[in-house]
Structure formats: C-alpha cells, structure tokens
Amino acid sequence: MDAEVSPTDTTGTLPGDLMIWVLIVSELLVFGAALGAFLAVRAGDVGGFLEAQDHLDRTAGALNTIVLLTSGLAAALALRAREAGLRGRARLGLGVAALLGVVFLWVKALEYSAKAAEGIGTDTHPFFTFYYLVTGFHAAHVVAGIVVLGLVAWRDSVANIENATAFWHMVDLVWVLIFPVIYLLR
Amino acid sequence: MKYQTQKIAQLYFTVALALFAIQVLGGLLAGWIYVAPNTLSEILPFNIVRMLHTNSLIVWLILGFMGAAYFLLPEEAEREIHSPMLAYVQLAILVFGTLGVVVTYVFNLFEGNWLLGKEGREFLEQPLWVKIGIVVAALIFLYNVTMTVLQGRKTAITNVLLLGLWGLALLFLFAFYNPENLGLDKMYWWYVVHLWVEGVWELIMASILAYLMLKLTGVDREIVEKWLYVIVATALFSGILGTGHHYYWIGTPGYWQWIGSIFSSLEVIPFFGMMAFAFVMVWKGRRDHPNKAALLWSLGCATLAFFGAGVWGFLHTLHGVNYYTHGTQITAAHGHLAFFGAYVALNLAIFTYAFPILKNRDPYNQVLNMASFWLMAGGMCFMTFVLTFAGTVQTHLQRVMGEGFMDTQDQIEIFYLMRFGAGLAVVIGALVFIYAIFVPRREVISTDATVPAE
Numbered sequence: 001m002d003a004e005v006s007p008t009d010t011t012g013t014l015p016g017d018l019m020i021w022v023l024i025v026s027e028l029l030v031f032g033a034a035l036g037a038f039l040a041v042r043a044g045d046v047g048g049f050l051e052a053q054d055h056l057d058r059t060a061g062a063l064n065t066i067v068l069l070t071s072g073l074a075a076a077l078a079l080r081a082r083e084a085g086l087r088g089r090a091r092l093g094l095g096v097a098a099l100l101g102v103v104f105l106w107v108k109a110l111e112y113s114a115k116a117a118e119g120i121g122t123d124t125h126p127f128f129t130f131y132y133l134v135t136g137f138h139a140a141h142v143v144a145g146i147v148v149l150g151l152v153a154w155r156d157s158v159a160n161i162e163n164a165t166a167f168w169h170m171v172d173l174v175w176v177l178i179f180p181v182i183y184l185l186r
Numbered sequence: 001m002k003y004q005t006q007k008i009a010q011l012y013f014t015v016a017l018a019l020f021a022i023q024v025l026g027g028l029l030a031g032w033i034y035v036a037p038n039t040l041s042e043i044l045p046f047n048i049v050r051m052l053h054t055n056s057l058i059v060w061l062i063l064g065f066m067g068a069a070y071f072l073l074p075e076e077a078e079r080e081i082h083s084p085m086l087a088y089v090q091l092a093i094l095v096f097g098t099l100g101v102v103v104t105y106v107f108n109l110f111e112g113n114w115l116l117g118k119e120g121r122e123f124l125e126q127p128l129w130v131k132i133g134i135v136v137a138a139l140i141f142l143y144n145v146t147m148t149v150l151q152g153r154k155t156a157i158t159n160v161l162l163l164g165l166w167g168l169a170l171l172f173l174f175a176f177y178n179p180e181n182l183g184l185d186k187m188y189w190w191y192v193v194h195l196w197v198e199g200v201w202e203l204i205m206a207s208i209l210a211y212l213m214l215k216l217t218g219v220d221r222e223i224v225e226k227w228l229y230v231i232v233a234t235a236l237f238s239g240i241l242g243t244g245h246h247y248y249w250i251g252t253p254g255y256w257q258w259i260g261s262i263f264s265s266l267e268v269i270p271f272f273g274m275m276a277f278a279f280v281m282v283w284k285g286r287r288d289h290p291n292k293a294a295l296l297w298s299l300g301c302a303t304l305a306f307f308g309a310g311v312w313g314f315l316h317t318l319h320g321v322n323y324y325t326h327g328t329q330i331t332a333a334h335g336h337l338a339f340f341g342a343y344v345a346l347n348l349a350i351f352t353y354a355f356p357i358l359k360n361r362d363p364y365n366q367v368l369n370m371a372s373f374w375l376m377a378g379g380m381c382f383m384t385f386v387l388t389f390a391g392t393v394q395t396h397l398q399r400v401m402g403e404g405f406m407d408t409q410d411q412i413e414i415f416y417l418m419r420f421g422a423g424l425a426v427v428i429g430a431l432v433f434i435y436a437i438f439v440p441r442r443e444v445i446s447t448d449a450t451v452p453a454e
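The listed protein sequences correspond, in order, to chains U and L.
Letter by letter, the first sequence follows residues 1 to 186 of the UniProt record's numbering.
Letter by letter, the second sequence follows residues 1 to 454 of the UniProt record's numbering.
One thing to keep in mind: the hints can contain errors.
Derived Cβ-Cβ restraints for the label pairs, each shown as a range [said to hold, decoys possible]:
{"id": "1", "chain 1": "L", "residue 1": "Leu184", "chain 2": "U", "residue 2": "Glu118", "range": "23 to 31 Å"}
{"id": "2", "chain 1": "U", "residue 1": "Tyr112", "chain 2": "L", "residue 2": "Gly378", "range": "54 to 62 Å"}
{"id": "3", "chain 1": "L", "residue 1": "Glu180", "chain 2": "U", "residue 2": "Leu184", "range": "43 to 51 Å"}
{"id": "4", "chain 1": "L", "residue 1": "Thr146", "chain 2": "U", "residue 2": "Ala60", "range": "47 to 55 Å"}
{"id": "5", "chain 1": "L", "residue 1": "Arg79", "chain 2": "U", "residue 2": "Trp154", "range": "31 to 39 Å"}
{"id": "6", "chain 1": "U", "residue 1": "Val25", "chain 2": "L", "residue 2": "Pro179", "range": "35 to 43 Å"}
{"id": "7", "chain 1": "L", "residue 1": "Gln411", "chain 2": "U", "residue 2": "Leu173", "range": "51 to 59 Å"}
Quick caveat, the hints were computed from the structure, so don't treat them as lab data.
Yeah, the Cβ is synthetic: ideal placement off N, Cα and C, and Gly gets one too.
Generate coordinates for the entire structure from the input sequences, incorporating the hints supplied.
Below is the structure:
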C-alpha cells in the first residue's frame with residue numbers, strides 16, 4: 001500500500017482492496033466458528049452424526065469440489081489475462097468461472113431436493129441443522145460470487161477483477177474445508 | 001463556529017439534556033423501587049417508571065444524534081444546513097410527541113384507544129399518533145440533512161452518518177407492524193430494537209467518533225476514513241445476523257441458535273475496533289486540543305462501549321449460556337454499561353466538544369465536566385459489577401437450583417441496595433455535567449505551574 005512499492009512487485013502487499021480482506025477474514029471467522037461448533041457438538045454424539053452423514057451424497061460433494069476448484073482456476077487465469085491486457089480472454093475466463101458456479105448450485109439443489117424427498121429437514125438431527133446451515137450459507141456466497149463475477153466482467157478493471165477473484169477463492173477455500181469436515185470425516 | 005446554522009444543535013442538545021435529567025431521575029426512582037417495592041406503587045407503578053426511564057433515554061439519545069448531525073454536517077459538507085426553519089419544526093414535533101407520551105403513560109388517559117392509547121409493546125409503547133409524528137419528524141430531518149450533504153462536500157463521515165440516520169428512520173417503520181402471533185411480533189420487534197443499537201446506531205457512533213478524533217487529535221482525514229470504513233464493515237457484518245441472538249427462545253427454528261451465537265460473538269470486533277481507533281488516533285495525533293474534557297469523554301465512550309457492549313454482551317450471548325442467564329440481572333448489567341458507554345458517553349462527548357464552540361467560550365478545559373465523567377463512569381461501572389454479581393447469584397438460585405423468582409429476589413437485595421448507591425453517583429454526575437455545560441463562563445486551567453489557577 002506504500003507508494004515506494006512498484007506496481008509489479010506484489011511482495012509485502014495484498015492483492016485487491018483492504019476492505020475485501022476485511023470481508024474475507026470475517027467470512028473465515030464465521031465458517032471456522034461454524035465448523036468448530038459442528039465438531040464440538042459431534043464429539044458428544046459421534047454415532048448419531050456418523051449415521052446421519054451416511055444420508056449425504058459424497059459423490060455429489062466430490063463432484064462439486066472439482067467444479068468449484070476448476071472455476072477458481074478459470075477466475076485466476078482471467079485475472080492473469082486481464083493483467084496482460086487481454087480483455088476478451090479475461091471475460092471468457094470470468095464467464096467460465098461463473099458458469100461453473102451455476103453448475104455447483106445445480107448439483108447442490110439436486111442434493112437438497114433428495115434430502116427433502118427423504119423427509120430430512122433442519123430439525124431432523126443436529127447434524128442436519130449444521131449441514132443445511134453451513135452448506136446453505138456457503139451456497140448463498142456462491143450466488144453472491146456469481147453476481148460479482150458478472151459485475152467485474154462488465155466493469156473489467158484489474159483492481160475489480162482482483163477483488164472479485166479474491167472473494168471467489170475464499171468461496172473455494174471454504175468449500176474445501178466444508179467438504180471433508182461435513183461429508184467425509186469418519 | 002464556522003457556520004451559523006450549527007447553532008441549531010444547541011437547542012437539540014439542550015432538550016436532550018433535559019430529558020437526560022428526567023431519565024436518570026426516573027432510573028433512581030426505579031432503583032429505589034427494587035429496594036422498597038411498594039414505593040409509589042399506586043400513583044406511579046414500576047412498569048410506568050421503567051417505561052419513562054427507557055423511553056426518555058432513547059428519545060434523548062436520538063435528539064442528541066440529530067443535534068450532532070446538525071452540528072457537524074455544515075463543517076463536513078462546507079455549507080449551511082438546507083433549512084434551519086424545518087429543523088426547528090422537526091424539534092417542535094418531537095417535543096410535542098414526547099410530552100404526549102409522558103402524559104399518556106403517567107395518567108393512562110386513553111387506555112385501549114387505537115390512536116391515542118399506549119400500545120404496550122416494550123420500548124415501542126408510544127401511541128400510534130406519536131409514532132406517526134416521529135415518522136413525519138424523521139422525514140423532515142432526512143430531507144434536511146440529505147439536501148445539505150447532496151449540495152455540499154461528501155466525506156466518509158457524512159456518508160456513514162447519513163447511512164446510519166436513514167437506517168434508523170427506515171427500521172422504525174417496523175414499529176407499525178404488530179402481528180397477532182407473539183413469536184412473529186417479537187421477531188419484527190427486534191428489527192427495530194436490535195438493528196438500531198447493534199446496527200445502524202453503531203454507524204452513527206463511529207462517524208461521530210471519527211469526527212471528534214479528526215477535530216481533537218488532528219490526524220489526517222485519510223487515516224480516520226480508513227478506520228471508519230473497517231469499523232462500519234465489521235459492525236454490519238456481525239450485527240445484522242447477530243439479531244439471531246434474540247431468536248433463541250421465541251419459537252423460531254433451532255438453527256437461529258447457531259446463527260445468533262456465531263455472528264453476535266463477532267459483534268465485539270467493531271467495538272474493539274472503535275476503542276483501538278480512538279487510542280491510536282490520540283497517540284498519533286499532533287494536535288494538543290484544549291478541550292480535554294471532550295477527549296476524555298471520547299476515549300471513555302470507546303472504552304466503556306467495548307466493555308459494556310462487547311465484553312458484557314459476549315458474556316451471555318452464546319445460546320448455551322443464555323439458556324440459564326436469559327432475562328436475569330446479567331441482562332440489566334449489560335444493558336446499563338452498553339447504553340452508557342456506547343451512546344450516552346458518545347452524546348456527552350459531542351455535547352462537551354460543541355457547547356464551548358456554540359457559546360463562544362473557547363478555549364475551555366471544563367474541569368468540572370471531567371469530574372462528572374469520573375462520577376458517572378465510576379458509578380456506572382460499579383452498578384454493572386453489582387448487577388453482574390446479582391445476576392450470577394440469581395442464575396444459580398433460580399435457574400440451576402430451581403428456587404422461585406421472588407424467593408431469589410429476597411436473597412439478592414443487598415446488590416439492589418448497592419446498585420441504588422451507584423445510581424445516586426450517576427445522577428449526581430449527570431447533574432454536575434448539566435451544570436458544567438450551562439453555567440460556568442470562564443474556566444481555563446493552565447498547565448504552567450507558575451500561573452495560579454483561576
């Protein structure tokens with residue numbers, strides 16, 4: 001942030017605006033606290049949690065992990081392209097990233113409707129309270145991320161794309177924490 | 001005073017201080033009723049006294065915010081207030097409404113009347129006609145301040161202040177919606193109460209504090225603004241979903257317990273941010289402003305808000321804890337220090353800063369004012385401690401051991417006696433403050449030891 005740092009040298013500086021990092025740290029605190037609470041409640045009822053977890057679709061979760069990480073890659077490549085002045089390629093990358101976000105939501109919606117068909121709601125078991133709360137809250141961030149990616153594809157300054165990509169990677173990162181803790185942990 | 005229309009603030013502050021006096025005297029009476037429960041039980045029952053105590057607090061704080069806006073906006077926007085006449089009309093409506101409220105509460109003249117009678121919803125008891133008056137006054141106010149800012153310079157302070165004031169007025173509209181279902185009633189009720197004090201009021205607080213820091217410490221605006229944005233972002237991030245900590249036991253779905261616990265735990269961050277901000281600005285500041293009393297109130301505000309709202313709030317915000325402490329004296333302890341630290345001290349800080357300027361008495365040390373700070377802050381801290389002890393004992397006896405409410409009350413009487421003493425110190429402090437603001441004309445204490453004090 002100091003004037004002495006040259007624009008190309010990013011060591012010692014944060015990419016993007018200070019405020020996006022305030023948001024990212026806040027989000028990580030919230031998701032971290034939620035997963036921490038999940039683990040704490042689980043410790044009191046491991047058997048019940050394992051039984052409930054068997055109702056989850058792990059394949060869908062794994063697929064969504066691949067989808068979201070690929071989307072993150074597309075966003076990162078878009079930023080590189082924009083920095084190199086390739087605005088068309090940058091927009092294409094952002095479009096692919098957003099589209100994969102939609103795929104993620106589609107898979108998520110299939111999961112939710114399967115749960116609903118089984119009669120599983122938020123109060124069925126504490127496991128599902130957390131499941132719906134944490135993955136639902138995350139899905140809301142995917143929706144927000146798609147909107148933001150669309151906005152910066154339109155207003156495509158390097159700074160804007162940098163901020164959007166930082167946010168999108170946070171959404172990625174959070175999913176990579178949610179997936180093992182909620183879907184896989186035995 | 002650079003702009004003539006800043007003078008509007010003086011009348012707002014004066015009315016606010018008159019209500020402040022009524023509020024603390026009402027509090028003292030309520031505190032005595034805890035000690036001797038039959039006091040005035042026929043003429044002025046406890047529920048009415050409590051209503052006056054809380055309602056007058058809210059009204060005078062809002063009058064203070066509005067006065068502060070009229071005081072600081074001309075300097076920030078670099079132009080006069082759009083319409084001084086409207087500002088006085090607005091104040092007249094609010095004063096008339098307040099008097100109507102007091103008369104309605106005390107004499108209960110229109111029991112059950114849909115327009116004139118009190119509505120019996122804690123903090124939102126105002127008769128419907130007063131609520132409508134409040135909205136009209138708020139619209140006049142928003143029109144006036146928004147026009148001032150739109151035609152003038154826009155700064156981070158004016159942006160955040162206007163966002164807070166608009167939020168305050170818009171959220172009040174939920175006071176008109178009162179569903180039959182008691183659970184839903186409470187849900188919307190918190191849209192006003194919580195989203196005020198743990199949402200938009202924090203924006204107002206941060207912007208006024210930022211203005212005071214700018215004036216008192218002389219730190220660059222750029223630095224002040226960066227802090228302001230971070231504080232506001234964390235306040236909204238934690239505060240909005242933090243509303244969930246009121247939804248634990250009102251019939252809302254169980255997931256609110258986790259939403260409320262997690263987000264409201266983060267509500268301590270903006271308050272810590274404000275405290276850190278105030279102290280860092282003072283350390284960095286180059287200016288040695290003579291109004292030491294305003295600086296004392298500003299630092300006291302940020303510190304006591306952190307402890308009262310932040311720490312004492314966190315104390316009972318997790319649903320596992322709140323299951324036991326809900327509605328005990330722990331809540332009263334938190335409520336008193338939070339309101340005093342965050343909003344009372346903030347208002348008294350801006351009054352202390354503004355009055356010498358409004359009355360052309362600069363430079364001005366206000367030693368008496370500083371004494372009143374220590375009386376009020378000391379009294380309020382003592383009250384918070386004894387109520388916390390009372391609440392702890394109450395929680396154990398009533399919620400853990402299962403004793404009856406009144407049996408428990410008998411056993412914590414000693415704390416109520418001490419609370420009354422603490423309240424007395426606060427009232428004396430408040431009266432000294434009011435005297436110090438209005439009466440002494442000259443009072444400059446030289447730091448140079450060779451000059452005798454005046």
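Here is how each hint holds up against the structure:
At about 30 Å, the CB distance of Leu184 (chain L) to Glu118 (chain U) agrees with the hint of 23 to 31 Å. Checking the proposed 54 to 62 Å range against Tyr112 (chain U) and Gly378 (chain L) shows it holds: the Cβ atoms sit about 56 Å from each other. With their beta carbons about 47 Å apart, Glu180 (chain L) and Leu184 (chain U) fall inside the hinted range of 43 to 51 Å. A beta carbon spacing of about 50 Å between Thr146 (chain L) and Ala60 (chain U) agrees with the range 47 to 55 Å that was offered as a hint.
Between Arg79 (chain L) and Trp154 (chain U) the Cβ separation comes to about 35 Å, which falls inside the hinted range of 31 to 39 Å. Between Val25 (chain U) and Pro179 (chain L) the CB atoms are about 38 Å apart, so this pair conforms to the stated range of 35 to 43 Å. One distance hint, 51 to 59 Å for the beta-carbon pair Gln411 (chain L) and Leu173 (chain U), holds here, with the actual separation near 52 Å.
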